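Trainee: Residue-level listing of the chains:
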Amino acid sequence: MKDSIEKPEAEFQRKIDEGHHIEPKDWMPEKYRKTHIRQISQHAHSEIVGMLPEGNWITRAPTLRRKVALLAKVQDEAGHGLYLYSAAETLGITRDELVDQLHAGKAKYSSIFNYPTLTWADIGAIGWLVDGAAIINQVMLTRTSYGPYARAMVRICKEESFHQRQGYEIMLTLCRGTEVQKQMAQDALNRWWWPSLMMFGPTDAESTHTELSMKWKIKRKSNDELRQQFVDNTVPQADILGITIPDKDLKWNEKRGHYDFGEIDWEEFWNVVKGNGRCNKERLDTRRAAHENGAWVREAAARYAEKQSNKVLSEAN
Amino acid sequence: MKNEWPIWEVFIRSKNGLEHRHVGSLHAADNKMALENARDVYTRRNEGVSIWVVESKHITASNPEKSGEMFEPAKDKVYRHPTFYNLPDELKHM
Numbered sequence: 024m025k026d027s028i029e030k031p032e033a034e035f036q037r038k039i040d041e042g043h044h045i046e047p048k049d050w051m052p053e054k055y056r057k058t059h060i061r062q063i064s065q066h067a068h069s070e071i072v073g074m075l076p077e078g079n080w081i082t083r084a085p086t087l088r089r090k091v092a093l094l095a096k097v098q099d100e101a102g103h104g105l106y107l108y109s110a111a112e113t114l115g116i117t118r119d120e121l122v123d124q125l126h127a128g129k130a131k132y133s134s135i136f137n138y139p140t141l142t143w144a145d146i147g148a149i150g151w152l153v154d155g156a157a158i159i160n161q162v163m164l165t166r167t168s169y170g171p172y173a174r175a176m177v178r179i180c181k182e183e184s185f186h187q188r189q190g191y192e193i194m195l196t197l198c199r200g201t202e203v204q205k206q207m208a209q210d211a212l213n214r215w216w217w218p219s220l221m222m223f224g225p226t227d228a229e230s231t232h233t234e235l236s237m238k239w240k241i242k243r244k245s246n247d248e249l250r251q252q253f254v255d256n257t258v259p260q261a262d263i264l265g266i267t268i269p270d271k272d273l274k275w276n277e278k279r280g281h282y283d284f285g286e287i288d289w290e291e292f293w294n295v296v297k298g299n300g301r302c303n304k305e306r307l308d309t310r311r312a313a314h315e316n317g318a319w320v321r322e323a324a325a326r327y328a329e330k331q332s333n334k335v336l337s338e339a340n
Numbered sequence: 002m003k004n005e006w007p008i009w010e011v012f013i014r015s016k017n018g019l020e021h022r023h024v025g026s027l028h029a030a031d032n033k034m035a036l037e038n039a040r041d042v043y044t045r046r047n048e049g050v051s052i053w054v055v056e057s058k059h060i061t062a063s064n065p066e067k068s069g070e071m072f073e074p075a076k077d078k079v080y081r082h083p084t085f086y087n088l089p090d091e092l093k094h095m
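If you're matching them up, the sequences are chains A and B in order.
My numbering puts the first residue of the first sequence at 24, with every later residue one more than the last.
My numbering puts the first residue of the second sequence at 2, with every later residue one more than the last.
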């Protein structure tokens, strides 16, 4: 009998606690809806903006093999952005609103993409580290409580399994190459390591969203747990490459069964989040220009569709 | 006078968390009747928690005779698969 008199909020929480998914037409607290719009759209924006640092190297990839792989990866990221925007739209926000929020600087995207890609080795480091970090987060999200988001994540994880491998292969090739090439790989690791750790967000003690996210099973692991998992996975991978992670405090802790690692520079993190990273302005300018320069295509397609439907109508009369 | 009801395609979500899947079609005079008929025809044994119906004429389908040029471009792109990349066996978590 309890179901008939249960308040919607209690029934919602019971469904979540029992491991059921929430679907678009189900009742949900307004905050759950808003949190998801924010999180899914940030994720979508990250895929779209994430194309830019890598796009920078497509024309300069060292071989055709590398070039087609990088093209395929960037193409996947566009697709992943589209899956995620569509998932966000099931919550009652339009694509135009989402895109406008990004272009107005009101919506965030992963800060990692505000760092520049200076050498070809950066493309290897991004695949290995940035995609590696993203995958840890995304594998967790395949079990998130909101159905459309979880399903998009399953698809994305499946497609993304090649991204990290192509990055690692680039690193491996450089590390087995000349001394200068190995230096390039080391330099890329030096620059991408700490920003990659920052991708998991503030520490649990500082994170404002974690508690509710866990209660609603939006996330199932905390920022610190995910970050630790990333470090534990990545250290042996760096050893195989024969390059050194730039952290003098990094060492295996037998008691914890995990690697200990040094303090993250949170000042740098917040500074980039607030818009003062090396490429924040360039990334947004590029996005806006792409959108504005593409306006005529969208308009032309809409006019063409309108014309075709008028034609069908007049033929019918 | 022709009175045949239009065809509707039926999609069922078997439980929350899974996508709606196409299960078949039926005839109905309008969307309300289509939904009710879908319930009676396709979910008599609790097969679903959610139903979508869409009139068949609103579905645009690819042409099987043109499947070649439609899907062929993905066939030679082996580099979209993880197995394309040569990595050492001792590498874990990738």
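Don't take every hint at face value.
Said to hold, decoys possible - Each computed BS3-like pair below joins lysine-lysine, with the alpha-carbon atoms no more than 27 Å apart:
| id | chain 1 | residue 1 | chain 2 | residue 2 |
| --- | --- | --- | --- | --- |
| 1 | B | 78 | A | 30 |
| 2 | A | 129 | A | 181 |
| 3 | B | 78 | A | 90 |
| 4 | B | 93 | A | 244 |
Calculated directly from the structure, the hints in this document are not laboratory data.
Here the structure is a predicted model, which means the values were calculated and not measured.
Trainee: Quickly compare the C-alpha distance for residue 129 (chain A) and residue 181 (chain A) to 27 Å and report which way the hint goes.
Mentor: Measuring from Cα to Cα gives roughly 31 Å; hence the hint is violated.
Trainee: Holds or violated: residue 78 (chain B) and residue 30 (chain A), Cα atoms, limit 27 Å.
Mentor: At roughly 53 Å apart (the allowed maximum being 27 Å), residue 30 (chain A) and residue 78 (chain B) break the hint.
Trainee: Hint check: residue 78 (chain B) vs residue 90 (chain A), CA-CA at most 27 Å. Holds or violated?
Mentor: holds (12 Å)
Trainee: Take the C-alpha atoms of residue 93 (chain B) and residue 244 (chain A), compute the straight-line distance between them, and say whether it is at most 27 Å.
Mentor: holds (21 Å)
Checked against the numbered hints given earlier, the structure breaks hints 1 and 2 and satisfies all the rest.
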